[in-house]
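The lines below spell out each chain.
Protein chains: 4
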Amino acid sequence: MSETATLVVSCPDRKGLVAALASLLHDHGANIREAQQHLDPVDRIFSQRIQFDLADLDLPRAQLEELLRIECGRYQMRWRISYSDRAKRVAIFVSRFEHCLYDLLIRHRLGELRCEIPLVISNHPELEPIATQFGVAWRVFPIDKQSKAAQEARELELLERERIDLVVLARYMQVLSAEFIARYPERIINIHHSTLPAFVGARPYHQAHERGVKLVGATAHYATSDLDQGPIIAQDVVACSHRDTVEDLVRKGRDVERMVLASAVRAHLDDRIVALGRRTVVF
Amino acid sequence: MSETATLVVSCPDRKGLVAALASLLHDHGANIREAQQHLDPVDRIFSQRIQFDLADLDLPRAQLEELLRIECGRYQMRWRISYSDRAKRVAIFVSRFEHCLYDLLIRHRLGELRCEIPLVISNHPELEPIATQFGVAWRVFPIDKQSKAAQEARELELLERERIDLVVLARYMQVLSAEFIARYPERIINIHHSTLPAFVGARPYHQAHERGVKLVGATAHYATSDLDQGPIIAQDVVACSHRDTVEDLVRKGRDVERMVLASAVRAHLDDRIVALGRRTVVF
Amino acid sequence: MSETATLVVSCPDRKGLVAALASLLHDHGANIREAQQHLDPVDRIFSQRIQFDLADLDLPRAQLEELLRIECGRYQMRWRISYSDRAKRVAIFVSRFEHCLYDLLIRHRLGELRCEIPLVISNHPELEPIATQFGVAWRVFPIDKQSKAAQEARELELLERERIDLVVLARYMQVLSAEFIARYPERIINIHHSTLPAFVGARPYHQAHERGVKLVGATAHYATSDLDQGPIIAQDVVACSHRDTVEDLVRKGRDVERMVLASAVRAHLDDRIVALGRRTVVF
Amino acid sequence: MSETATLVVSCPDRKGLVAALASLLHDHGANIREAQQHLDPVDRIFSQRIQFDLADLDLPRAQLEELLRIECGRYQMRWRISYSDRAKRVAIFVSRFEHCLYDLLIRHRLGELRCEIPLVISNHPELEPIATQFGVAWRVFPIDKQSKAAQEARELELLERERIDLVVLARYMQVLSAEFIARYPERIINIHHSTLPAFVGARPYHQAHERGVKLVGATAHYATSDLDQGPIIAQDVVACSHRDTVEDLVRKGRDVERMVLASAVRAHLDDRIVALGRRTVVF
Numbered sequence: 068m069s070e071t072a073t074l075v076v077s078c079p080d081r082k083g084l085v086a087a088l089a090s091l092l093h094d095h096g097a098n099i100r101e102a103q104q105h106l107d108p109v110d111r112i113f114s115q116r117i118q119f120d121l122a123d124l125d126l127p128r129a130q131l132e133e134l135l136r137i138e139c140g141r142y143q144m145r146w147r148i149s150y151s152d153r154a155k156r157v158a159i160f161v162s163r164f165e166h167c168l169y170d171l172l173i174r175h176r177l178g179e180l181r182c183e184i185p186l187v188i189s190n191h192p193e194l195e196p197i198a199t200q201f202g203v204a205w206r207v208f209p210i211d212k213q214s215k216a217a218q219e220a221r222e223l224e225l226l227e228r229e230r231i232d233l234v235v236l237a238r239y240m241q242v243l244s245a246e247f248i249a250r251y252p253e254r255i256i257n258i259h260h261s262t263l264p265a266f267v268g269a270r271p272y273h274q275a276h277e278r279g280v281k282l283v284g285a286t287a288h289y290a291t292s293d294l295d296q297g298p299i300i301a302q303d304v305v306a307c308s309h310r311d312t313v314e315d316l317v318r319k320g321r322d323v324e325r326m327v328l329a330s331a332v333r334a335h336l337d338d339r340i341v342a343l344g345r346r347t348v349v350f
Numbered sequence: 068m069s070e071t072a073t074l075v076v077s078c079p080d081r082k083g084l085v086a087a088l089a090s091l092l093h094d095h096g097a098n099i100r101e102a103q104q105h106l107d108p109v110d111r112i113f114s115q116r117i118q119f120d121l122a123d124l125d126l127p128r129a130q131l132e133e134l135l136r137i138e139c140g141r142y143q144m145r146w147r148i149s150y151s152d153r154a155k156r157v158a159i160f161v162s163r164f165e166h167c168l169y170d171l172l173i174r175h176r177l178g179e180l181r182c183e184i185p186l187v188i189s190n191h192p193e194l195e196p197i198a199t200q201f202g203v204a205w206r207v208f209p210i211d212k213q214s215k216a217a218q219e220a221r222e223l224e225l226l227e228r229e230r231i232d233l234v235v236l237a238r239y240m241q242v243l244s245a246e247f248i249a250r251y252p253e254r255i256i257n258i259h260h261s262t263l264p265a266f267v268g269a270r271p272y273h274q275a276h277e278r279g280v281k282l283v284g285a286t287a288h289y290a291t292s293d294l295d296q297g298p299i300i301a302q303d304v305v306a307c308s309h310r311d312t313v314e315d316l317v318r319k320g321r322d323v324e325r326m327v328l329a330s331a332v333r334a335h336l337d338d339r340i341v342a343l344g345r346r347t348v349v350f
Numbered sequence: 068m069s070e071t072a073t074l075v076v077s078c079p080d081r082k083g084l085v086a087a088l089a090s091l092l093h094d095h096g097a098n099i100r101e102a103q104q105h106l107d108p109v110d111r112i113f114s115q116r117i118q119f120d121l122a123d124l125d126l127p128r129a130q131l132e133e134l135l136r137i138e139c140g141r142y143q144m145r146w147r148i149s150y151s152d153r154a155k156r157v158a159i160f161v162s163r164f165e166h167c168l169y170d171l172l173i174r175h176r177l178g179e180l181r182c183e184i185p186l187v188i189s190n191h192p193e194l195e196p197i198a199t200q201f202g203v204a205w206r207v208f209p210i211d212k213q214s215k216a217a218q219e220a221r222e223l224e225l226l227e228r229e230r231i232d233l234v235v236l237a238r239y240m241q242v243l244s245a246e247f248i249a250r251y252p253e254r255i256i257n258i259h260h261s262t263l264p265a266f267v268g269a270r271p272y273h274q275a276h277e278r279g280v281k282l283v284g285a286t287a288h289y290a291t292s293d294l295d296q297g298p299i300i301a302q303d304v305v306a307c308s309h310r311d312t313v314e315d316l317v318r319k320g321r322d323v324e325r326m327v328l329a330s331a332v333r334a335h336l337d338d339r340i341v342a343l344g345r346r347t348v349v350f
Numbered sequence: 068m069s070e071t072a073t074l075v076v077s078c079p080d081r082k083g084l085v086a087a088l089a090s091l092l093h094d095h096g097a098n099i100r101e102a103q104q105h106l107d108p109v110d111r112i113f114s115q116r117i118q119f120d121l122a123d124l125d126l127p128r129a130q131l132e133e134l135l136r137i138e139c140g141r142y143q144m145r146w147r148i149s150y151s152d153r154a155k156r157v158a159i160f161v162s163r164f165e166h167c168l169y170d171l172l173i174r175h176r177l178g179e180l181r182c183e184i185p186l187v188i189s190n191h192p193e194l195e196p197i198a199t200q201f202g203v204a205w206r207v208f209p210i211d212k213q214s215k216a217a218q219e220a221r222e223l224e225l226l227e228r229e230r231i232d233l234v235v236l237a238r239y240m241q242v243l244s245a246e247f248i249a250r251y252p253e254r255i256i257n258i259h260h261s262t263l264p265a266f267v268g269a270r271p272y273h274q275a276h277e278r279g280v281k282l283v284g285a286t287a288h289y290a291t292s293d294l295d296q297g298p299i300i301a302q303d304v305v306a307c308s309h310r311d312t313v314e315d316l317v318r319k320g321r322d323v324e325r326m327v328l329a330s331a332v333r334a335h336l337d338d339r340i341v342a343l344g345r346r347t348v349v350f
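Protein chains in written order, with the working numbering: chain R, 68 to 350; chain P, 68 to 350; chain W, 68 to 350; chain C, 68 to 350.
Since the hints were derived computationally from the structure, they do not count as laboratory data. Some hints could be false.
Which copy is meant is left open, so a pair is good if it fits within one copy or across any two.
[Unchecked claim] Heads up, simulated EDC-like pairs for lysine to aspartate or glutamate below, C-alpha to C-alpha not over 20 Å straight-line: (1) Lys319 <-> Asp107; (2) Lys155 <-> Glu132; (3) Lys82 <-> Asp123; (4) Lys155 <-> Glu227; (5) Lys82 <-> Asp107; (6) Lys155 <-> Asp337; (7) Lys82 <-> Asp120; (8) Lys82 <-> Glu70.
These numbers were taken from a predicted model, which means no experiment stands behind them.
With the hints as constraints, model all of the structure from the sequences given.
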């Protein structure tokens, strides 16, 4: 397979958007391999994802990007482009629960996730051996009220130095500050252990057990300064019953958390997500 | 197949419960066909469902019930017994959405629901032809603030006269009064069109669309005076995406509502449910 | 919402396909509302579905179709176009099981299926009242070995006279002849009560029970002359257990059959399906 | 929580079975915590699982077992008993695919599987580091036609020495001989990467892709001398579409394989399975 580029655009709907991009790409030798588009019926926002071959592109990438800048500017489009030969760099944040960390590292090793994972950050020391087993650098930043601002500053510096594109909160039990989140808009994915908006806040499995629900689930979303309110990327559930204790719900939930988080991370890495305010398009 | 009886008991856990009931039944010729029991780990409430053959029972049902009354009294057991040759009588309440009504009537016709359905009650006249097609009596009780108490009284009178065992609220868009509900404790099943506790209250599909969730669902629960808070019997979900408009969510939701409501009604008719406060055991 | 057209094309992959169609539509005032395309990685077949507004189209439909004929000819494209104001006409074939028939008629009544259903055909007389209740014409063609060819001829004549676009075999227990099927290529949808290729042939629920599987399901596919081998459109399953008798599997299966068949019919009516040999693209 | 015992029995149906066991246990101070029973409607085989507290048992375990031997003998019952303080010992067999191996070892570490895992056996050397990371002994037995009988003999000797109760074939790509299997009847669990009986044999994901199915899945079953025909314990599926290549099916399948295998192993370890010929009861 040759290398590909993925172009993702969004803007208020207008005629000629599709034709304009298709022509621009065609005129320069880009063969479109896969494309999806969506018109949000409420907000009238158009969004599109185009994946095309780079093999016969007749101009350098920088020039193509310059042409896209001009063309997208004409339509007030937000746009971004990525290339299959330039893997995104991911930092995983984790606290004491290891299942999501293991899951992402194993999937990466199996080739399921198109990215590099140069770094795991934690506020606790326990899980270091896991990062080490997979050959990933491990850094601990213990955090309490006093130290939070300073530690986050050091984390951000590290993320910058490592040129991190995506932060994955794999059961990281610290709330990030609004300032931190603002530095990685739509580039921090969190996993919450309930099907939001049900059981917002702490100890959702305990809440679920007390309420006697027949399903538990998980939600992956982009982190925003508004806790548990960010745009949802993926959700799933598993059936439960009176036979399940809280511990059983935690166990069943782990499987859903892993699946849902991995699915959201894959979608992000494959540039399938467009965040439109509180909602997402996942092509 | 011979006729069977189903005995459902619950009480604070104590030794010897299982042996006591098994011996009593065995001593009088009852062959146990199926049994499940559960010990709630939080409340230490024991519950059990026993289905047994009546073919070789060596005493009349009334005498068996008298023995059960004595035995269950010794253990402070709540108990109830039902017989496969005595079908429960069900009244369906409906407003203007027909999908759950149709679904229950068709399932009944196909033999999926062990019950009689002598009566459909509505606060609107539109769906009469459906009841008529299936040969079920149809009664309209229009309700507004002024008339509510009087109309509910007439409904209750009718339910009594028809010896109704179970009321099914099949998308009935009127809130029943606390007095009405108190007359049929754990015998009124409601379908709510969200996976409670998410999207409590009105227009859950609109709420779900606005929030951008990736799943919509439904919840069947026993009605209590606390709206949308009754013990949950069954829940399920269906995946949705950015491609789904509110109308699509409503459509997808209809399928889940039908399935979840039918499943809860079946469980009730088969005497599989024990309500323990806010939670249910569904054997 | 204004009226829309849906264009579906497929052909061996070649550069410029997307741009060519996008430009042609754009040049004549068609605003693309939704589009998906797919490149089959094995056969290198490109397929695309484009839905566009007709409101500002600057030429008559016939002329647009003529332009498409020319353009698609240049690329050896198979193509078809449909219009939202021209509903497809569907004939339902059924034998003695009513659940799929009921389901389609109710969904149609609820506005879920964009089509007309002018006709139900059966080889048995029993289900006539259902068609009648929904105001649909009912015709019986009893079939045995001797009469089969003649009866099918009469059925085909009737389908032609009624300008039927799609035949839905909603648990129709007669095998259609190869000649019949050849008259409606990729326009006959059948529901098989197993997840093909498991349990090909007769009595799949009995086979499933005997084999002790933990899932039963259903498959909707286009009918081909090769029985149970046509391109699959939709499949789903439901969990089962040792507690389920064959009758329970039949009951659970009915729900899956209804859902899967309706899903396939909707996809066909919305022109979302491209059949590529033994496989389908369902956009 | 005090320690518990789990008794599993099965036999041709007869009156008084339930009462006999309940009385025996009650008479010796065993409080029944959970019980399920099932009567197979085809074969008329009764089976039951009883979990009871050992805290107040008034006789030694060996004497209880002697009483059970006598009582079960009277009813021609097959029976087995296990104790929560005596963990089963599991050997994992694996070839070159690591996902199921990782999954079982992580679940074990998280406390999800009540067992010891003293041993991983492989016919290839590659996965040794994984066993080592989790502190589990690793043994390689390369196998070809000539060496098979001798190598299996050495494996069996090792299993015996390690007092292995359960063998888990976690994507072990060698067919075990009938002799090997006969040594561990209903104690070898295999994961097959299709929803049997679909796609029996080699390369099921390739078969599934070629056939164009819309679901792929996995089956956990007890190994028998009849390949892919053993009694099924657990199955599940995941949706797929035209967008999925064979590689995508393999990836999606890995998740289902892990879940289904873990679920079957848990059920076995918790003594929830009764194999009845080609079928299983999973309480």
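Going through the hints against the structure:
no.: 1; hint: Lys319 <-> Asp107; verdict: between (35 Å within a copy, 19 Å between copies)
no.: 2; hint: Lys155 <-> Glu132; verdict: within (18 Å within a copy, 45 Å between copies)
no.: 3; hint: Lys82 <-> Asp123; verdict: between (28 Å within a copy, 10 Å between copies)
no.: 4; hint: Lys155 <-> Glu227; verdict: within (13 Å within a copy, 49 Å between copies)
no.: 5; hint: Lys82 <-> Asp107; verdict: within (15 Å within a copy, 29 Å between copies)
no.: 6; hint: Lys155 <-> Asp337; verdict: within (10 Å within a copy, 37 Å between copies)
no.: 7; hint: Lys82 <-> Asp120; verdict: between (26 Å within a copy, 10 Å between copies)
no.: 8; hint: Lys82 <-> Glu70; verdict: between (31 Å within a copy, 16 Å between copies)
Of the numbered hints stated above, none is contradicted by the structure.
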